Amino acid sequence: MDTIRFGICGTGSFGRTRAKALQKAQGAKVALGWSRSQSTRDLFRQELNMPTVEHWQELCTNPEVDAVLVCSTNVEHFVHARAALAAGKHVLVEIPLSTSAAQARELAQLADSQSLVLHLGIQGRHHPDYVEHVERMQSIGPLLHGIEHSYWDYGSHRRWNADPALNPGGRDFLAYYMPRWMDAFGDVVRATGAQSRADTWSSATITMEFAAGGYCTVGYTLGEGVWSPTTELIVGRAGMIFQDGENESVLTTEDSRKAMIMTKVDGVLCEVEAFRDEILGRRDHRGNLQTDLRALDLVDEGVVG
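For what it's worth, the numbering used here labels the leading residue of the sequence shown as 1, then goes sequentially.
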């Protein structure tokens with residue numbers, strides 16, 4: 001396969017951003033786009049000079065498409081990804097992989113049965129500095145506790161995020177942040193959590209207890225007008241990581257102080273190139289997928305109940 005032809009299922013801002021990254025990637029071609037909105041389809045054609053279709057089924061089953069990026073609304077991810085996999089397409093799904101662990105495992109089984117790649121869109125793990133970043137996290141020694149809470153103001157143009165029928169809320173995004181902790185500190189033996197809504201805001205947290213000791217709490221809040229600081233604190237026997245100044249993460253041990261900021265790169269390009277390489281057999285996607293499935297199991301166990 002000299003050039004992989006990609007379809008974008010959901011051509012809103014996330015979909016167009018990924019499509020533009022694919023246009024920069026060697027051996028990749030954006031072939032087709034779909035959105036429920038005519039205006040969004042028109043914008044996709046104008047910005048990328050690529051054709052669109054009126055119905056998502058046309059994109060997911062089109063013979064001119066080898067792989068599909070699912071960037072539609074959260075509650076549609078499962079049905080769109082399942083249709084694309086059933087049609088023999090490799091699939092990258094934006095967060096969340098689905099709105100339940102059971103659905104995610106159904107997608108994984110369908111992909112495995114056809115030797116297809118199923119990729120959850122977590123950009124950070126494909127950053128060239130990711131392995132070093134995880135090793136620095138581990139350098140704090142035995143973990144005692146950690147906390148990370150992130151926020152997203154989805155803005156007035158994405159108010160559909162406040163509709164529980166379209167976005168189940170903050171818990172959907174927990175599985176985006178959990179794998180980094182799991183990569184650093186290993187198996188999780190227990191998870192507890194909670195979720196809540198207030199007007200148009202939604203928040204969820206989950207606490208993971210690790211087999212090797214220690215625990216961490218990951219949280220996410222989204223809504224219109226939500227402020228956007230990121231809170232992070234990791235404490236171990238040999239050191240700690242905390243936010244210093246303008247959201248700069250710093251590793252402090254007994255005899256050193258190092259910035260945890262990773263090199264500035266195009267994270268979206270790193271991710272779509274990783275997906276391309278997984279399709280071509282240059283990278284193995286299965287280890288990441290198993291971590292993602294485990295994270296979703298933990299969300300269902302700890303938050304959904």
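Treat the hints as calculated values from the structure; they're not laboratory data. Quick caveat, the model's predicted, so the values are computed rather than measured. Don't take each hint at face value.
[As the list claims (entries may be wrong)] With a Cα cut of at most 30 Å, we get these calculated DSSO-like pairs of lysine-lysine:
{"hint": "1", "residue 1": "Lys20", "residue 2": "Lys258"}
{"hint": "2", "residue 1": "Lys29", "residue 2": "Lys258"}
{"hint": "3", "residue 1": "Lys29", "residue 2": "Lys264"}
[What the hints assert, rightly or not] Cβ pair distances, simulated, as ranges:
{"hint": "4", "residue 1": "Val265", "residue 2": "Gln46", "range": "25 to 33 Å"}
{"hint": "5", "residue 1": "Arg286", "residue 2": "Glu132", "range": "21 to 29 Å"}
{"hint": "6", "residue 1": "Thr231", "residue 2": "Arg257", "range": "34 to 42 Å"}
Note that beta-carbon positions come from the ideal geometry of N, C-alpha and C, so glycine has one too.
Consistency of the hints with the structure:
1. Using a Cα cut-off of 30 Å, the hinted pair Lys20 and Lys258 is violated, with the two alpha carbons roughly 34 Å apart.
2. The suggested pairing of Lys29 with Lys258 is violated, with an alpha-carbon distance near 40 Å, which exceeds 30 Å.
3. Distance hint between Lys29 and Lys264 is fulfilled; the C-alpha atoms sit about 25 Å from each other, no more than 30 Å.
4. At about 28 Å, the beta-carbon gap between Val265 and Gln46 stays in the expected band of 25 to 33 Å.
5. Range check, Arg286 to Glu132: about 23 Å between beta-carbon atoms, so the 21 to 29 Å window is met.
6. In this structure the hint that Thr231 and Arg257 lie 34 to 42 Å apart at CB is violated, the actual value being about 20 Å.
Figure legend: structure checked against the earlier numbered hints; hints not met, in rising order: 1, 2 and 6.
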